[in-house]
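Following the hints, put chain B in place on chain A, whose structure we already have.
Residue numbers (numbering that gives the first Met the number 0), protein chains in the order written: chain A, 0 to 156; chain B, 0 to 819.
By construction, these hints were calculated from the structure, which means they are not laboratory data.
Keep in mind that a hint or two might mislead.
Claimed, not checked - If you want the footprint, here are the derived chain A segments under chain B, 3+ residues with CB under 8 Å: (1) 2–10; (2) 35–46; (3) 91–103; (4) 145–156.
Using N, Cα and C, we set each Cβ at its ideal position, and we do this for glycine too.
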Amino acid sequence: MAGVSVTFTVNGREVTATVDPRTLLVHFLREHLKLTGTHIGCDTSQCGACTVHLDGRPAKSCALLAVQLEGAEVTTIEGVAGPDGMHPMQAAFKEHHGLQCGFCTPGMVMMGIDIANRHEAPDEATIRRELEGNLCRCTGYHNIVASIAAGASSMRG
Amino acid sequence: MTERGHIPESRQREKPRADLQWIGKSMKRVEDPRLLVGKGIYADDINEPEMAHAAVLRSPHAHARIVSIDVSKAQELPGVLCAMTGADAAKVCDPLPTWASPPVLQAVIADDRVRHVGEAVAAVAAVDRYIAEDACDLIEVEYEPLPPVVDPEEALTSTGDAVLHPERGDTNIGLERKLTFGPVEEDFAAADLVIERRIRWPRSGGQPLETVGAVASFDDGAGRFTIQCNTSMYNYCGWMIASTLRVAPHKLNIVPTLAGGSFGSKMFVHKVPVLAAVLARAVGRPVKFMEDRIDNTTSCDNHASDRVYYAKLALKRDGTLLSLKTRIIDDYGAYLQFGVGQHGNALSQCVGPYRINSVEVDLAAVLTNKCQQGAYRGFGSEVANFVIERLVDAAADELGIDRIALRRQNFIQPDQFPYLIPTGNMYDSGNYQAVLDETLKLADLEGWRAKQAEARKEGRYIGIGVATCQERSVFSATEFWMWNLEPGVEWTSSPDGVSVKIDPTGKAFVTLHSPFWGNSPETVAAQVLAEQLTIDPADIEITYSDTDQGLNSTGPGGSRFTVMVTGAIVGAAGKIREKLLRIAAHLMEADVRDLTLQDGAVHVKGVLDMKMSIAELADKAHYYRLSMPEDLDLTSGLDATYVYDHPVTTLPDPDERHMGIFYPIMGHSCHIPVVEVDVETGQVHFLHYAAVHDCGTMVNPMTLEGHIRGGTVNGIGTALFEEFSYDEAGQLTTALWTDYLIPTIKESPADIVVGHVETPSPFTEYGVKGGGEGGRMGGPPAIAAAIEDALKPLGVTIDSLPLPPSKLRALIRDAQARAA
Chain A
0 MAGVSVTFTV NGREVTATVD PRTLLVHFLR EHLKLTGTHI GCDTSQCGAC TVHLDGRPAK
60 SCALLAVQLE GAEVTTIEGV AGPDGMHPMQ AAFKEHHGLQ CGFCTPGMVM MGIDIANRHE
120 APDEATIRRE LEGNLCRCTG YHNIVASIAA GASSMRG
Chain B
0 MTERGHIPES RQREKPRADL QWIGKSMKRV EDPRLLVGKG IYADDINEPE MAHAAVLRSP
60 HAHARIVSID VSKAQELPGV LCAMTGADAA KVCDPLPTWA SPPVLQAVIA DDRVRHVGEA
120 VAAVAAVDRY IAEDACDLIE VEYEPLPPVV DPEEALTSTG DAVLHPERGD TNIGLERKLT
180 FGPVEEDFAA ADLVIERRIR WPRSGGQPLE TVGAVASFDD GAGRFTIQCN TSMYNYCGWM
240 IASTLRVAPH KLNIVPTLAG GSFGSKMFVH KVPVLAAVLA RAVGRPVKFM EDRIDNTTSC
300 DNHASDRVYY AKLALKRDGT LLSLKTRIID DYGAYLQFGV GQHGNALSQC VGPYRINSVE
360 VDLAAVLTNK CQQGAYRGFG SEVANFVIER LVDAAADELG IDRIALRRQN FIQPDQFPYL
420 IPTGNMYDSG NYQAVLDETL KLADLEGWRA KQAEARKEGR YIGIGVATCQ ERSVFSATEF
480 WMWNLEPGVE WTSSPDGVSV KIDPTGKAFV TLHSPFWGNS PETVAAQVLA EQLTIDPADI
540 EITYSDTDQG LNSTGPGGSR FTVMVTGAIV GAAGKIREKL LRIAAHLMEA DVRDLTLQDG
600 AVHVKGVLDM KMSIAELADK AHYYRLSMPE DLDLTSGLDA TYVYDHPVTT LPDPDERHMG
660 IFYPIMGHSC HIPVVEVDVE TGQVHFLHYA AVHDCGTMVN PMTLEGHIRG GTVNGIGTAL
720 FEEFSYDEAG QLTTALWTDY LIPTIKESPA DIVVGHVETP SPFTEYGVKG GGEGGRMGGP
780 PAIAAAIEDA LKPLGVTIDS LPLPPSKLRA LIRDAQARAA
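So that you can see chain B by itself, here it is in the shape it has in the complex:
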């Protein structure tokens, strides 16, 4: 035990090995065939008999009291089954689930007050969506506008009518706390130099192609809801939805559908399924509510971190980094669904890959008249990456040290792992030099430096950026509550389970208890089970459980699923293997210690032809109880369940000297983009892009590379184009994809050269680390650095995103004016 906590023993069973048959192979995806022929069932593809369709009337005001609301004309429209107000909804359901403490109450339909443009004011169920939308137009609402709170720094001082949730006090500060880890003041006093920056990270979001949707039905005989929905976490905390609906948890079954992308935005969807459910109960028919794009952008769960940082990095003249202090104002919008979990997350890797001795984080989470924050690829840690990387670049420039050299100088060294950072989180393993070296090789840095110099002679502005970023994976539940003085929940479990069955013919069935999100859960499960049982992945069928059948499973998010499913499969397969060996030992009259499972059969070691296939053993296991040993636990059949707990997590220190280990499976990446900036138009073109990731042992390099490239393009969107932009009145001016610019193929680099380094985790099965978010974690700081490098002759500094042409032109104009 130290000031930074203690490191538990590893519970790893399967060591990384070179002779693996399936893990590490770019196996084609199991998920693809049904998706390719148009037969994947997403939420909007569900049709139930007599199903009604919902539409929502949304607030045109950012902040207003609802003086009156009249749904009578809507009710009278032929085809309308129900028009429901907030007051109606409040009679049948409680506020939506929240992790905030004290809670910030959010109703499924606003009752007396609206707090952002797009908040639901009324909902209609009708025989089709067209009529439901018509009915919304007939609802009459009288509003009394209240002062809109839009600027996060102004929100710090709101009082009176500008306060969104007066029941929480006369303030729009949702949570304000300062956490100090290590001797910050001493380190700053010892510093030769302090780099100070104001850094602005913009509100962007996952924006999957598919919105959120649910089909709910209510069986009034059984008093039971069924909700089919594209949500995750249903087997972790789906019961919270039951609480909101005021039924006992066993009176709700949540059935997952395919999700057409999430990127975090469907981590625990709550508004849509609750709305569909209250309408279904009201009309006595199944109800589908599928968000349209405006529904989604104005009132979803995927607006992400929207932060102002006042950051200070203390260092010695020789380049040694000492300490990091940040004052953060984070614009959470109108509600706090996940509390300030995004800041728990950021504490996991806020010092980057560097040895930094102490950290102070002073956070104000403010409430404003905007859509609530949710999760988006990085969940707050990507912002911490941007901040530390910008500071390190600035420090190098200030000291006149090469940006790459300063990084190397401060890297945590390979022999220092496992390494506890000041906040208490553990970096399990890593080799940052190797990742950097590999990226430099792929990037041809020297070649591009020469081309850059040539181009500058021609008046062209080419820039090269280097970012060396952490890519934490596998969150523990503590990240959601550690900031709270009095946490509402203090969960420490975040497991994932699987069920595995071998049928009498030897075919394998896996039930996953978390959904398909656009990732490759079926492929991962098939590869790992094939590895474990030495069978062909083609002999494995994968399905998904609902909550009725579900095991405790946290689901994808935080780059955890590959690690967790691998762990769960190893656990379940271990039980099945043990039973196979016991049965085989009995039937072949051999000692179990002399048996080995290989090529789909149990062999007696060293005895040629003494073997029984899994199919033969499965047949015996199912149908020949009297041929089996007497042991009571050898029941007929061949099946196992296993719930795999988080591989390594510890409690936060009660005195808050550290926050425990909560996000330890630490990947790393280096991104080196080469850009050309057209200084006349402000456009940025990618000339080259190299990205090397270390996600430990790779289960499937093909799908990992897909995540890296896709995530990097998400990062390009964040860096250059994307912003949920609210005007002074609190109107969302980028609600549609005509204005919110996600990268098209034209803005995406023709090639992102991807490389790998594999530093296996000593804590997870086979040494796997998560890799779902890394592209977006490395892209923005690298691109900002590249643009800054390109514009260095003009003296442009980049400290806020995004950088669309208009903003880059403004920066260039300002710099030119200063120079003149």
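Just chain A, same shape as in the assembly:
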């Protein structure tokens, strides 16, 4: 199958690659760039474990083709921490026991950052409404909601 050239930015770094046009973004990130923090859970875009930021908005990377990304900016879980360590949202998940197996966690953190970006001080109802597209099988969601509320608060400083 003929490859297609695509150039976009991942975690601040420009990437140019020739890809099979059917390559999913999540496979491109994981297999080509070895950014394995973005996970594959359900294959059918139910679970949100593959959530990344695409031009500043959350996107399920299992439901996008890499060739759609020309000129786009993608941020993955590997790209959110600063030089001083964890992003406040990551730190909040640790503090509030917002993860057990950790498999849904990158998607939850990416979604949490996005919720905090779009809502001044998200309340529980807002967080719960926003998380409808992310599944967790371990926590019952309780501590994830608490983590995102706390992370959003830390992000505001």
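Chain B in isolation, oriented as in the chain A frame:
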């Protein structure tokens, strides 16, 4: 010795205490940082040089003969390295491991016959997964359909072509036996009342977010496999995989990866690692096989109990429970991986927290054209909880006694522990009244009763359910074989080991010999070792062994890991402490009896400033042999291993009067959900949820509460939504998460109010009990009771799960039609 067996002496070394520094604290998890920044290595994150990728062609038929299979077009596709049929696989490997006796043979790739939709028919290794999947599409298979067996009760009478495994006889009954414990007939004869119910428990599964995966490689110089895999039990019985691969056990190294959730489903994965390994050997390159979601749901190890119960509870008019009789038909699917271990498990707590004098269990484990059963949070005991709780509710209603009062009346009393139930299992300790009282407090029962009455006036249906459930922990190996007339294995060991090393600078290293499953093994190990050696958990590093380095370790499952790792750490730390004290006694010229370890240093009691830190002693221990006593056993270094055996287990009685002690570390829980049922739509909303658990001494309340809440939401899924549903042709109609509905945040209660009672075990170190499964053990019966309570004015009875809106509407319609 009684009819129910005997109780051994406790081997507990560490008593529960109030002055513990680390145990009992909600320490933040050691596991989290790497998981949070995307650097945890799960099976699919492994990349080996030249690694190939596998895909599997799966059967579209529930039951068929494979007439012919042609992989030639697949072989010719550029990028394909190997296309393997069942016949090819049978030349290089034996059937998969099984605990069933006699065995039910399962091939890694089906050869002449497929027995369920999704069974592997061929496998491809290619340079990438896309090409491997393309190649599967090019494989041509001709099937001759056979009659599908789907209904478990019809499977009881299958013959001829409908029989899945003709070599085991002309029947689909995998095992049928009746076990009787105590004077069942006498108790039934003495009963004033017998409650009878047909209860249906649905096939659901762990459904972790991560599927099963393995990366296998074969070193043809050494003749040796390496398999990296998200399995457990690799240090317990990983050698069975070597047997399947026809290599000597030391020619296989299984390396654990992180598991992205298990809930039982990765207890001893076998199909995936064997498949990756046979392909790796065939193509001479490492091969990754990562199940996709369809691979997992159609052919995994996590379809769980799928049971029909005909249950009878005998009792006196005054409410005294006497005896329990159950006829069980359990739909095991096409194979029996763990034998009928799920029923051994259920015998551990089938009488619930109640004094019931005798038990009869009449089991038929049937084979049908469905995916095999495996393990899911409860492993069969959650079903027993549902059955006894439904019966007790029904009995209370029949007698006109309050459901809570009937429970209280029949509870085993705090002074009756340790208590042997009729099946022979021991309940080590408990205080069921205290758990119930605490839950009632958190639930505000009276307040909700008042709101319920108000709501009914407005035509709203609010209901309150109460379930008081056992939460057994720490299985012993006998649960897997006790049902068999002639067990294939008769193991009685189920230990867990650790290795502990203090380096020359005083830092501690722990090697665990069981994997991370989504639980908190590193946090537990750090807390317990910190407690034992009076050091800072931040000075402890935790790693995991492979089978090359591994000690005998059963691994997580059956809520055993916290208890077992705690025991193993206590054992290893005890050896290290003893050596520290001996060295310190020598160096400080003190009597070892005058020394004490505290705050990370060995002190001479009563002498201020006479102390040596662990770091100083470790330095001496490593580098100053000539400063040490002559004793031959004081070799240079500071390290210890310890394999902690099951704390208390006994053999089944040869005459089967009882099954011995096999699941004795008995937690308990009370769940009180308050629900509102919309009778027009059949939807259930949670208005409140209180859950109190008694898991003995808590090592980490934060992580325990995480398990309770998460497990309860698993229980909500089982109660309301989840089902692996097969149609009449044996097609799995809920193979994807579009149809198999695991609870999203919208179906999960905004808060589950969690409380604790701590009744320490007298048999485990510090009195710890397991708590990994309890949420799912208490949720379903409590939710069923709440829904039944809500719909009481309509006369709806709940005796089967799940209860999605469509089914609840049907029940409501039927009840309304009856009333009209």
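Report task. Report the numbers of all earlier hints that the structure fails to satisfy, in ascending order. Result -> Violated hints: 1 and 4; rest satisfied.
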